[in-house]
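We have chain A; now place chain B onto it with these hints.
There are 2 protein chains.
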Amino acid sequence: MKISVLGTGMVGRAHAAKLAELGHEVMIGSHDVTKALTNTANDSMGNAPFVTWSGSHQSIKVVTYAEAAQHGEVIIDALKGEIAVEVLKSLETELATKILVDIANPLDFSQGMPPTLTICNTDSLGEQIQRALLQVIVVKTLNTMNAELQVNPQLLADGDHSIFMSGNDQEAKQKVRALLAAYGWRDIIDLGDISTARGTEMLLPIWLRLWGALKTPMFNFKVTVQS
Amino acid sequence: MKISVLGTGMVGRAHAAKLAELGHEVMIGSHDVTKALTNTANDSMGNAPFVTWSGSHQSIKVVTYAEAAQHGEVIIDALKGEIAVEVLKSLETELATKILVDIANPLDFSQGMPPTLTICNTDSLGEQIQRALLQVIVVKTLNTMNAELQVNPQLLADGDHSIFMSGNDQEAKQKVRALLAAYGWRDIIDLGDISTARGTEMLLPIWLRLWGALKTPMFNFKVTVQS
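One line per chain: the protein sequences are A and B, in this order. For reference, each letter of the first sequence is one residue, going 1 to 227 in our numbering. For reference, each letter of the second sequence is one residue, going 1001 to 1227 in our numbering.
One should not assume that every hint holds.
To be verified - Lysine-lysine pairs mimicking DSS-like chemistry, simulated, CA-CA at most 27 Å apart: (1) B/Lys1080 <-> B/Lys1215; (2) A/Lys175 <-> A/Lys215; (3) B/Lys1080 <-> B/Lys1018; (4) B/Lys1080 <-> B/Lys1002; (5) B/Lys1222 <-> A/Lys215; (6) B/Lys1175 <-> B/Lys1061; (7) A/Lys89 <-> A/Lys35; (8) A/Lys222 <-> A/Lys175; (9) B/Lys1061 <-> A/Lys222; (10) A/Lys215 <-> B/Lys1175; (11) A/Lys222 <-> B/Lys1222; (12) A/Lys2 <-> A/Lys215; (13) A/Lys175 <-> B/Lys1215; (14) B/Lys1175 <-> B/Lys1215; (15) B/Lys1215 <-> B/Lys1002.
Stated by the list, open to error - Now the stretches of chain B that chain A is said to cover, found in silico as 3 or more residues with beta-carbon under 8 Å: (16) 1028-1036; (17) 1116-1125; (18) 1187-1201; (19) 1207-1218.
Derived from the structure by calculation, the hints contain no laboratory data. Built from N, CA and C at the ideal position, the CB exists for glycine as well.
So that you can see chain A by itself, here it is in the shape it has in the complex (with noise of 0.2 Å):
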């Protein structure tokens, strides 16, 4: 399948990276392709820059929003929570009728560490870019582990833990399921339409404190139910 990844920083690279060793044709979207293929500077985190990983993926084609957009059968949005509306609603001719993956979050860094949200309890990430993008079939997932475990959920107890889905689309949530099971999920749960983003957005405050309590981010949640 065509699938395109909008985003170079390290979700997005995790997503391109896993989605070509899965045999599909990946483009990487990014801001500015001049300037990521030729940045060789470490990013505020220590992170190797993105044209090093671009080296060792040379399959991955890196090109503009828009021609990723255009690309994809399904596109990941994999941008900061705070300009993903923005740069959507710009691409909104390219992405017509097709699947959004949204797994971004609507983190606040601007008040220090652990950050806020920018959006919550009666709204969501993933619903502003569904009214913003009316004919994008949106889902929300993905966005609720470090995206080491994302690609790779088998990392984590023989992959027996929980992801979870949001959209208003059943046969788009079907597709995105799929997936979520090539990536190695199994425990995939539909929460059922756009609007319960909401919840797994408001999982971001206590991740970042289990992040503190436990010192690593290879966790996640494992829905545990009464038989």
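Only chain B this time, still in chain A's reference frame:
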């Protein structure tokens, strides 16, 4: 130990009954003792009236909030979130220097189901209570699952699921940890100071949607960590 429970709803009853069963000297505090002991109608959720429950738990004395707060060495806040700060503030003298176990959630049902939160993101009910009662030692816990599981964790997955604690005082958290262990909890995660109650209170939105998706309230989160 002398323990009191504030609130005569299903959550307060569950804790009072469990604590009495564990051998504690339990009092349960009501806004209006006479009314609580004479009202014979089921509540709006179809639950039996308090007087029926009280009749089958005669060792548990039904008293005013103030008498309950005076009696307990540890006091459990099982009040409705919307009235908790005001009621607790009125008990400042009785509660001073004691441990207050806050299990309330700041739910707002006024806009229909599922409820939203009246406080979140940059504050929490746990923090509001701690700020309002500087001489009281607040420990937030137990607010992330249904009342039956709160007091009987072994009913699910042989007790192998997680509970969280937030509070500024280590000694108080040790006492509360012992109480939780007596209930049957084994995976007790100390998230840190009382501000981490934002994380557990903001779990409610996904809890409510999982309740809808799973069609049972008998579930909980197990935090699975890479070993």
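Verification of the supplied hints:
Taking the CA atoms of B/Lys1080 and B/Lys1215, the gap is about 24 Å. The hint holds against a cut of 27 Å. Proximity of A/Lys175 to A/Lys215 is assessed by CA-CA distance (about 35 Å); at most 27 Å being required, the pair is judged violated. Taking the CA atoms of B/Lys1080 and B/Lys1018, the gap is about 20 Å. The hint holds against a cut of 27 Å. Distance hint between B/Lys1080 and B/Lys1002 is fulfilled; the C-alpha atoms sit about 23 Å from each other, no more than 27 Å.
At most 27 Å may separate the alpha-carbon atoms for a hinted pair to count; B/Lys1222 and A/Lys215 meet this at roughly 17 Å. The hinted pair formed by B/Lys1175 and B/Lys1061 meets the criterion: a straight-line CA distance of about 23 Å does not exceed 27 Å. Among the hinted pairs, A/Lys89 with A/Lys35 is consistent with the structure: their alpha-carbon atoms are about 23 Å apart, no more than 27 Å. Our distance criterion of 27 Å between C-alpha atoms is met by A/Lys222 and A/Lys175, whose separation comes to about 23 Å.
A threshold of 27 Å between alpha carbons decides the hint, and for B/Lys1061 with A/Lys222 the separation of about 39 Å lies outside it, so the pair is violated. A distance of roughly 24 Å separates the Cα atoms of A/Lys215 and B/Lys1175; the hinted pair therefore holds under the 27 Å criterion. Taken as a hint, the A/Lys222 and B/Lys1222 pair is honoured in the structure, with Cα atoms around 5 Å apart against an allowance of 27 Å. Of the supplied pair hints, the one linking A/Lys2 and A/Lys215 is violated, its CA atoms being roughly 37 Å apart against a limit of 27 Å.
A threshold of 27 Å between alpha carbons decides the hint, and for A/Lys175 with B/Lys1215 the separation of about 24 Å falls inside it, so the pair holds. Distance hint between B/Lys1175 and B/Lys1215 is unfulfilled; the C-alpha atoms sit about 35 Å from each other, more than 27 Å. With a C-alpha separation of about 37 Å, the suggested pairing of B/Lys1215 with B/Lys1002 is violated against the 27 Å cut-off. A count of 0 residues in the segment 1028-1036 of chain B with a Cβ less than 8 Å from any Cβ of chain A is obtained; the coverage claim is therefore unmet, three being the minimum.
Taking a C-beta to C-beta cut-off of 8 Å, the segment 1116-1125 of chain B contributes 5 residues in contact with chain A, enough for the three needed, and the coverage statement holds. Residue count for the segment 1187-1201 of chain B with a Cβ under 8 Å from a Cβ of chain A: 8. That meets the three needed, and the coverage hint holds. For the segment 1207-1218 of chain B, the assignment as covered by chain A holds, since 9 residues bring a beta-carbon within under 8 Å of that chain's beta-carbons and 3 suffice.
Checked against the numbered hints given earlier, the structure breaks hints 2, 9, 12, 14, 15 and 16 and satisfies all the rest.
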